[in-house]
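*Asks:* So you can see what is in the structure, the chains are spelled out below.
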Amino acid sequence: MNKPFKGTKKLHVFLICLGLVLMGSGSVARRFDFNINSRYFDFASGIGGAVIGFSSVFLYKLSRKPETVEMEKIYDNDERLIKIREKSAYGTFSVTFICLLVAIYVFLVLDMYPALITAICVLAAHVGSYFVFYRINGKKL
Amino acid sequence: LKNRMEELRKRQGVKQEELAAKLAVSRQTIGSLENGRYNPSIILAIKIARFFGMPVEEIFIYEEESQ
Chain A
1 MNKPFKGTKK
11 LHVFLICLGL
21 VLMGSGSVAR
31 RFDFNINSRY
41 FDFASGIGGA
51 VIGFSSVFLY
61 KLSRKPETVE
71 MEKIYDNDER
81 LIKIREKSAY
91 GTFSVTFICL
101 LVAIYVFLVL
111 DMYPALITAI
121 CVLAAHVGSY
131 FVFYRINGKK
141 L
Chain B
1 LKNRMEELRK
11 RQGVKQEELA
21 AKLAVSRQTI
31 GSLENGRYNP
41 SIILAIKIAR
51 FFGMPVEEIF
61 IYEEESQ
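Protein chains in written order, with the working numbering: chain A, 1 to 141; chain B, 1 to 67.
Among the clues, some could well be false.
[Said to hold, decoys possible] Facing chain A, from chain B, some residues (calculated, C-beta under 7 angstroms):
#, residue
1, Ala24
2, Thr29
3, Asn35
4, Tyr38
5, Ser41
6, Ile42
Since the hints were derived computationally from the structure, they do not count as laboratory data. In this text, a Cβ means the ideal position worked out from N, Cα and C, and glycines have one as well.
Between the sequences and the hints, there should be enough to build the whole structure, so can you do that?
*Replies:* What follows is the structure, encoded as structure tokens:
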């Protein structure tokens, strides 16, 4: 492994330790019931978890064998797999669209107006982003 | 779109894995191409033709759909 990666590896090991401390602080505060709002410790635990997740992925990427990296590159650029991913993404878009419509109907029936407005906004963002990407990709291709 | 990939590959004694590595695609893609489940892009078709040292139209045969 070359020198620049060595430093990066140390940084991510340090970040994992920091994440563990942050996560631990939340549990300790809860256990001993300090006179501090528990929300801050929950937030710290959440941040700690996120830092651990991010650094673990980075360390995994640094530790991969060159053959694995090459194979992943092929799988990323394989045109058939790209087509499969595009079709899957379109399928997911349709399912999310239907789920949001169902959610809007349920919230309307149950008179849950804040949730209804949120669901309508999410649906609008979902459909709007489709047309934005359609336009962007239409200009590119 | 029919193709003669399997026939040509076997004639040259090349494994699917080897062909996949040469073309920088996955082995599953070679399988799908040979079975006719997937039609390649022009770029991949040209790469395949160059690998076998033949013109594209001798490997990939386009048949118009019967009405």
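*Asks:* Any CB of chain A closer than 7 angstroms to the CB of Asn35(B)?
*Replies:* It is violated, given that the least Cβ distance between Asn35(B) and chain A is near 12 angstroms, above 7 angstroms.
*Asks:* Regarding the hint that Ala24(B) lies at the interface with chain A, is the smallest CB-CB distance below 7 angstroms?
*Replies:* OK, holds: Ala24(B) within 7 angstroms of chain A, min 6 angstroms.
*Asks:* Can Tyr38(B) be said to touch chain A, with a Cβ gap under 7 angstroms?
*Replies:* Constraint on Tyr38(B) satisfied, holds at 5 angstroms.
*Asks:* Hold the hint about Ser41(B) up to the distance rule: shortest CB distance to chain A must be less than 7 angstroms.
*Replies:* 5 angstroms, holds
*Asks:* Given Thr29(B) as an interface hint, is the shortest Cβ-Cβ distance to chain A below 7 angstroms?
*Replies:* Holds. Min distance 4 angstroms.
*Asks:* With a cut-off of 7 angstroms on the beta carbons, see whether Ile42(B) makes it to chain A.
*Replies:* 11 angstroms, violated
Comparing the model with each numbered hint stated earlier shows that hints 3, 6 do not hold.
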